[in-house]
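Chemist: Chains as they are written, first to last, in my numbering: chain A, 1 to 320; chain B, 1 to 627.
It is possible that part of the hints are untrue.
Claimed, not checked - Keeping only pairs whose Cα atoms sit at most 27 Å apart, straight-line, the calculated BS3-like set for lysine-lysine is:
| hint | chain 1 | residue 1 | chain 2 | residue 2 |
| --- | --- | --- | --- | --- |
| 1 | B | Lys85 | A | Lys127 |
| 2 | B | Lys560 | A | Lys304 |
| 3 | A | Lys129 | B | Lys85 |
| 4 | B | Lys364 | B | Lys92 |
Treat the hints as calculated values from the structure; they're not laboratory data.
Listed below are the residues making up each chain.
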Amino acid sequence: MEIFNHDSNIHFLGMRKYTIALAILLMIVSIGLIAVKGLNYGLDFTGGVSMTVDYDQSVEIADVRAALEKGGLDGAMVQSLGGTREVSIRMQTKDVPEAADASGKINLDRVAANVTKVLQAARPDAKLKNPEFISAEVGAELRSDGTVAAVFVILGIMAYLWIRFERRFAIAAVATEVHDVLVTLGILALVQREFDMTVLASVLAVIGYSINDKVVVFDRIRELFRLARKAEPEEILNRSINNTLSRTIITSLFTAITMGALFFFGGTAVHGFAVTMLIGILVGTLSSIFVASPILLWLGVSKKDLMPVTKENPELARRP
Amino acid sequence: MSDFPRWKYALVALMMLFGVIYALPNAFPPLQAVQVTANREAPPINDALKQKVEAGLKAKKIAVTSVFVEGDHLLATFANSDVQKSGSDEIKALLGDGYTVAFKLQSNVPHWLGAIGARSMPLGLDLQGGVHFLMQVDQKDAIDKQENSYADDVRSLLRQKNIRYESVVRNAVAGQGITVILRSAADRSTASDAIANEYTDLNVSEGANTGDRFVLNVAIKPEKLRELSRSAITQNLGTLRNRINALGVSEPLIQQQGDSRIVVELAGVQDPTEAKKLIGAVATLQYRPGIGQPGDPRAVDAARTGNIPPDANLFYMRGDHRPVLVSKQIIVTGNQLVDASSGIDQESGTPKVDVTLNAAGARKMADFTNANVGKPMAVVYVETIYETKIVDGKEIRVPKVTETVINDANIGSPFSSKFQTTGLGSPKEASELALLLKGGALAAPMDIVAEGVIGASLGQDNIDKGFMAVMLGLALVLVAAAVYYKLFGLVADIALFFNLVILVAVMSLIGVTLTMPGVAGIVLTLGMAIDANVLICERVREELRNGSSPHASIRAGYEKAWSTILDANVTHLIAALALTTMGSGAIKGFGVTLMIGILTSLFTSVTLTHAFTAAIHGNRKLKTLSV
Numbered sequence: 001m002e003i004f005n006h007d008s009n010i011h012f013l014g015m016r017k018y019t020i021a022l023a024i025l026l027m028i029v030s031i032g033l034i035a036v037k038g039l040n041y042g043l044d045f046t047g048g049v050s051m052t053v054d055y056d057q058s059v060e061i062a063d064v065r066a067a068l069e070k071g072g073l074d075g076a077m078v079q080s081l082g083g084t085r086e087v088s089i090r091m092q093t094k095d096v097p098e099a100a101d102a103s104g105k106i107n108l109d110r111v112a113a114n115v116t117k118v119l120q121a122a123r124p125d126a127k128l129k130n131p132e133f134i135s136a137e138v139g140a141e142l143r144s145d146g147t148v149a150a151v152f153v154i155l156g157i158m159a160y161l162w163i164r165f166e167r168r169f170a171i172a173a174v175a176t177e178v179h180d181v182l183v184t185l186g187i188l189a190l191v192q193r194e195f196d197m198t199v200l201a202s203v204l205a206v207i208g209y210s211i212n213d214k215v216v217v218f219d220r221i222r223e224l225f226r227l228a229r230k231a232e233p234e235e236i237l238n239r240s241i242n243n244t245l246s247r248t249i250i251t252s253l254f255t256a257i258t259m260g261a262l263f264f265f266g267g268t269a270v271h272g273f274a275v276t277m278l279i280g281i282l283v284g285t286l287s288s289i290f291v292a293s294p295i296l297l298w299l300g301v302s303k304k305d306l307m308p309v310t311k312e313n314p315e316l317a318r319r320p
Numbered sequence: 001m002s003d004f005p006r007w008k009y010a011l012v013a014l015m016m017l018f019g020v021i022y023a024l025p026n027a028f029p030p031l032q033a034v035q036v037t038a039n040r041e042a043p044p045i046n047d048a049l050k051q052k053v054e055a056g057l058k059a060k061k062i063a064v065t066s067v068f069v070e071g072d073h074l075l076a077t078f079a080n081s082d083v084q085k086s087g088s089d090e091i092k093a094l095l096g097d098g099y100t101v102a103f104k105l106q107s108n109v110p111h112w113l114g115a116i117g118a119r120s121m122p123l124g125l126d127l128q129g130g131v132h133f134l135m136q137v138d139q140k141d142a143i144d145k146q147e148n149s150y151a152d153d154v155r156s157l158l159r160q161k162n163i164r165y166e167s168v169v170r171n172a173v174a175g176q177g178i179t180v181i182l183r184s185a186a187d188r189s190t191a192s193d194a195i196a197n198e199y200t201d202l203n204v205s206e207g208a209n210t211g212d213r214f215v216l217n218v219a220i221k222p223e224k225l226r227e228l229s230r231s232a233i234t235q236n237l238g239t240l241r242n243r244i245n246a247l248g249v250s251e252p253l254i255q256q257q258g259d260s261r262i263v264v265e266l267a268g269v270q271d272p273t274e275a276k277k278l279i280g281a282v283a284t285l286q287y288r289p290g291i292g293q294p295g296d297p298r299a300v301d302a303a304r305t306g307n308i309p310p311d312a313n314l315f316y317m318r319g320d321h322r323p324v325l326v327s328k329q330i331i332v333t334g335n336q337l338v339d340a341s342s343g344i345d346q347e348s349g350t351p352k353v354d355v356t357l358n359a360a361g362a363r364k365m366a367d368f369t370n371a372n373v374g375k376p377m378a379v380v381y382v383e384t385i386y387e388t389k390i391v392d393g394k395e396i397r398v399p400k401v402t403e404t405v406i407n408d409a410n411i412g413s414p415f416s417s418k419f420q421t422t423g424l425g426s427p428k429e430a431s432e433l434a435l436l437l438k439g440g441a442l443a444a445p446m447d448i449v450a451e452g453v454i455g456a457s458l459g460q461d462n463i464d465k466g467f468m469a470v471m472l473g474l475a476l477v478l479v480a481a482a483v484y485y486k487l488f489g490l491v492a493d494i495a496l497f498f499n500l501v502i503l504v505a506v507m508s509l510i511g512v513t514l515t516m517p518g519v520a521g522i523v524l525t526l527g528m529a530i531d532a533n534v535l536i537c538e539r540v541r542e543e544l545r546n547g548s549s550p551h552a553s554i555r556a557g558y559e560k561a562w563s564t565i566l567d568a569n570v571t572h573l574i575a576a577l578a579l580t581t582m583g584s585g586a587i588k589g590f591g592v593t594l595m596i597g598i599l600t601s602l603f604t605s606v607t608l609t610h611a612f613t614a615a616i617h618g619n620r621k622l623k624t625l626s627v
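Next up, chain B with everything else stripped away, as it sits in the complex (with noise of 0.2 Å):
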């Protein structure tokens, strides 16, 4: 027919291209492997390595597919995923502590298909299991955090209200408040009221005077305690679900456990090292004032004798290990982050993470830059990390704070709010920065007690049960439409069979976890997707009952239909579009797979099949349609 343009074809022929390859990968289910990777001090992965880890496995009589070192790690593949398990503790037991092993489901697709970036769908945790964390939430950390800075707030009020005072210590123990030393009794009276007034949040107290120290004791309000607790987890909740968004696993339960723990579960995550690395590590930036540049012979001598100015505390570069000596006092820190994001730098051509910074933050920073134009300040870069050491025969964790310097320039202008850090390692290690900081600030350092494998949660039962339902679904109702349109019911078939194929493909393509939810979302767009084509072929059988000719009912069919389609389409697809954005778990994924559906459908059962009729009646003189 000629008012269907060629171009269309072209198109037609394009996307159905375009959706058998790129839902192909679906087809390849992945292998269950054994990742090595080697840690910091150990010897490199190489086939030295491979062979004993062979050696070992056929010693034992571990069924291994093959054992192979891709790039820095070592692969073994196996068939299942019980000999997975028995491979991976003997691998464990073989190697010992040097190395990291860790599950992966290794990628089985055709290296032509992933070159031109065809990748099968991620499997929710109900489908395939995954990595479960618990994660223990550090509450007395949070309540130390607030101490400090109430102890600073309180420095700064008594200062700008002219109150003389002696000094404002906080106590050694976490929750056991601030003291603050007046020098009279009237000073004293006046500090409190002022501090009662200012921090509603405070208890002020008068303490013991010892001579011409007068006491006042400040301590938080329980309330106020429980209150930080409380919210010391919600935004930790918060910041590991940012973190987990970044890394791309769309259906990760994080989920509270009673007062301080955090369960945190990933599905299908390649790499749970990685994983673990950006869900544990409390890290966090500190602009500092510098002193004198990296390599200083200040700096030098202080390393050399352990002399450090009391002002100052002595880091070394990243990388370099130049000793570096920097100034107590903290600028601005991560905490006052808005944004981070990660780039190249123009200039210098080396990795930069771009910062932006609250109001209150640029302030500092402004005033700070402001007066020290030419002077040298630094970044520094503090990671937690906890490590499990075991004294008294009892297992405690001790927090290990790494502290070093990623950058020491000088300032070239003042700036404020927005500017970056250069001088990181690699666009990598930029990247990894920059989501860390972006991920916000964690309320409390959280550390990692229990991780292990989960199953699915379903069961490969449940999960045949599914697919079988899809399958029937779908051969119930292409059965259906064939009977009761006929040929353009065929049509129609067509149409929602690659519907299928090219929801897939971009699911794929765009990395949508499927879970069981989100296969009943499939289903459900297929079910409602048929809907145009009902719409078409009940306009053309009207057409044809109004004495239309056969053409003419086509291309009427298709030009009311459309205006409906259309409308009824826009419509759904905002209502799907709330449910992404109400975006948790679930919820978000069934809502993306709608979405999907429906933009997919509006071109397979509109233009595909339109396609499809045109040429199968284009140029014939039809008597009758078959509809």
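Chain A with its partners taken away, still in its complex shape (with noise of 0.2 Å):
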């Protein structure tokens, strides 16, 4: 069975000045949307309250969430402690209404009466313990060390495309990577998705499907500025973006299938995971086809820069 046809020859490069600007126009927007809305930062990120709650029945940890969602707190945590009577519950301050006081601080006892409020109306005998603030589990160590893993796969994978293929291929990919990163933060920001830790690690992973995606592409402009005896850049990279097409798009469909199951099976707390590698494997795809090799194409890549190094002869540089 095959969906695509195999002497499909779009000239996708053929599109390069349209979709260069649009992926310029996106990466424009999505750094507005971030600067400007911001992402929306989970608990992980942001800290908040934590509180323990006793029961004098015991209680369901379902019947406790559904009660905190009915009374307009969503996003909270709720843990069992120990025996069925008490939980414990984390939520952001900012998911509290009215938890600020007149002057605009947050007050820990209007949110634990705020909480207490809603825990009551669904089950009296609630009684909520020591609230207190917590801070974000996702420290300023963590956003350190984040920026220097940042840097050093930048630098890793640069280093190794420099070496199996050219300088060019490496800062393609490179740049298409920040316009794939940016552009999936900037979707996140649009919608305003919580943006915790385990989207966060999504958008990591989202930087390891593209860069896969990219080489593939990559790989096969090499092999063909290599066998190709008349290379015309333009002509080799439109070629190989065309057969490599049914690949990207067949990956692309695998990959999106099992994080589709996810996202519709899956539950919420693999929700924000999903829907961000989703909108990654698009983003990646689409950027692989569209703005990958037209960059690669700007910068000149030809024939003679991927040929492998041959010992030259001395025989013939002495000739005239």
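Take the two lone chains, each set in its own frame, and fit them into one complex as the hints suggest.
Modeler: Printed below as a string of structure tokens:
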């Protein structure tokens, strides 16, 4: 079975002015969105309040969650503590309405009063204990580690592609990579999905996915350059994209199927992960086809850069 | 096909077998158990105790699956966590204070699997719950320590500048500063300038004079004090993280709460008592000049009469409790320690801890050992444990400091930064000590104010959904691959299945904690693992279209796809490596999963499928390929 015509010869490079312009526009819009709307950081990043709730009779976690949601307190993390009568609740202060007092400062007592009201509406025997502010789990440490890791991964990928391919490939890959991550983050900022630890992991996984995708096309470009006798870069790049098109799309589809299953049936815990990954797969696939190769062409890739280095024949050099 | 060597078939078969065996333990969910260990004073665990527990549980009609003695502890297993909770409460009430009763997950894996090192993956906090500790950081102690060290610094500064002083004394209450008493007004003003110049974090002010005593009050600036408490908690967070990493709990939650509290949640910790010991312990070593040997007449005398020389402390040797006199002077403390590792001393065959000091510590150690060859040096182990006492009806927490000498031997030859400490009781003790020392010093002592068992944050429902999604995603990809690539797709399916098996096996073997993001990582890995097969199949199709013979197409397909697969995976691996090194909680677990997944998929989707393809198409004459 074949979905795609293997003789397809769509002139992708012909649209490069438009696709690159669109990519740059998307990047600018994304940066704008991230700057203006910002990411909707979750409890992992912002910290919040933590409290313990005691019940006289045993209680189901799901009921506590339902009671909170009914009272408009979304996004709370509920855990059972020890026995069946004690639960721990963690939530962001911004999720609690009227948490701030007159001076605009978050007031722990008001938060506690609010939560108690909501819980007692469902179960009068709920008693709230020791509310306390908690710091973000993703501390400054992780943020600095994250920056180091990001620099490390960019340098690592660049170095590898530089050695295995050529300088221009390394630059094109990293540039497209930055585009993919920015646009993915931009979309997350646009729809204001909660950005928690799993979403962060997913964004980082998008880097892995999209670099994988680009390298396959680059590999074909290198191969065709080496095989071709007459190598018009534009022609070669276009042929490479077309030749790998069915694999690009099939792999994206397969990965998307698994992420789709995770999204539709995996429950709330992996929702953010799956959504981010689906966005990333879409962005990454499109940029593999429409963005990465035009950048290569623009950087001036040519056949002679990619030929395996052969020892020059001293005999030949001496000839006139 | 002749171009697939026999050894590769063997390798593939071996890997498949490895995968199945080492993934197998995950099919045996652990039992909910309650573990009883005897405290030092209590009578040891024996059959009588076992019968007592059995009878007690039976009297309360609590269904227990089994009660048995295992080594130095007793285990009672229960059908589910609800019964486990009531069982634990009952056993606690039954046995009283002498025993530690804790929850445990008792492995249900058959013995022969355990014997070859196969074990199941530990599940994360979100999937199975764990233990929860709330720890209080003693900020006062951090300030205390800092003031002590400033007092020492001021003293040496004055000596260095040749300023004569009467005394440099720390005030009794922490945070009240240091009082320096000088001989003249002139001395005082030079001292004041010197201190203010050298230590910008100190406030210097003149106090009242009495006769020829000229007082200088030295206090730590308020902003420095604030920074101190802030850094005390950050350092403690870091130290805790190190200690917990050493415990092997890979996805702990360690979080600051309020100004001086830290929350620690450990998933699936088998033995909370052990964890508590390591997390809560404030242990450090002090190297001090020894006075005589352990059991020395002077020491025995001091122990008997209570007349201890003013410059000495009387301690006891760990193990044999012989009294020993040790100088009050401290040469080097655990704070100056850079690294510690345990091992066995080649010469004596006893456990040892190898210690590496920082530059400052090494200098002090070199100075001391150079001047004191042949004289004794003692290693004092200082441990702080907090006890709760009821005073006037109120609970107060009292620190209890135990100081034991673990080693007191003559200095053979001078040494500086690297040396070893021998004379530890057992290899376990040595490794625990090394762990504590390496985990770094706590900036301020911490004690556990609350502990409890927490349930899974996701709930069974969510977990079931997650696993259902994995299975569904996998099934869909399997079907899609088989439909799209027919026989080659089926081979890829087998590879994908074994990829999952081998991935689980490797994760279990190295003990990666499985969390929900980890599950998502596995799903993602499976989705992407099929990519290599897509590449191969597309290549084979291309070759066939270009008119190659089936066998040649297979060969060319694998050969040409290989370089692409390698490049794509190595770059992906670099990205995964970054995730792993970023190293905190969910992200690290996810990164590790991804990394292992990339490696296993490289094997299964290339070598394993090649073996199957070669076996199927082997020596047959082929007209077409089913791809």
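Chemist: Confirm or reject each hint.
Modeler: Tested hints:
no. : hint                   : verdict
1   : Lys85(B) to Lys127(A)  : holds (22 Å)
2   : Lys560(B) to Lys304(A) : holds (21 Å)
3   : Lys129(A) to Lys85(B)  : holds (22 Å)
4   : Lys364(B) to Lys92(B)  : violated (50 Å)
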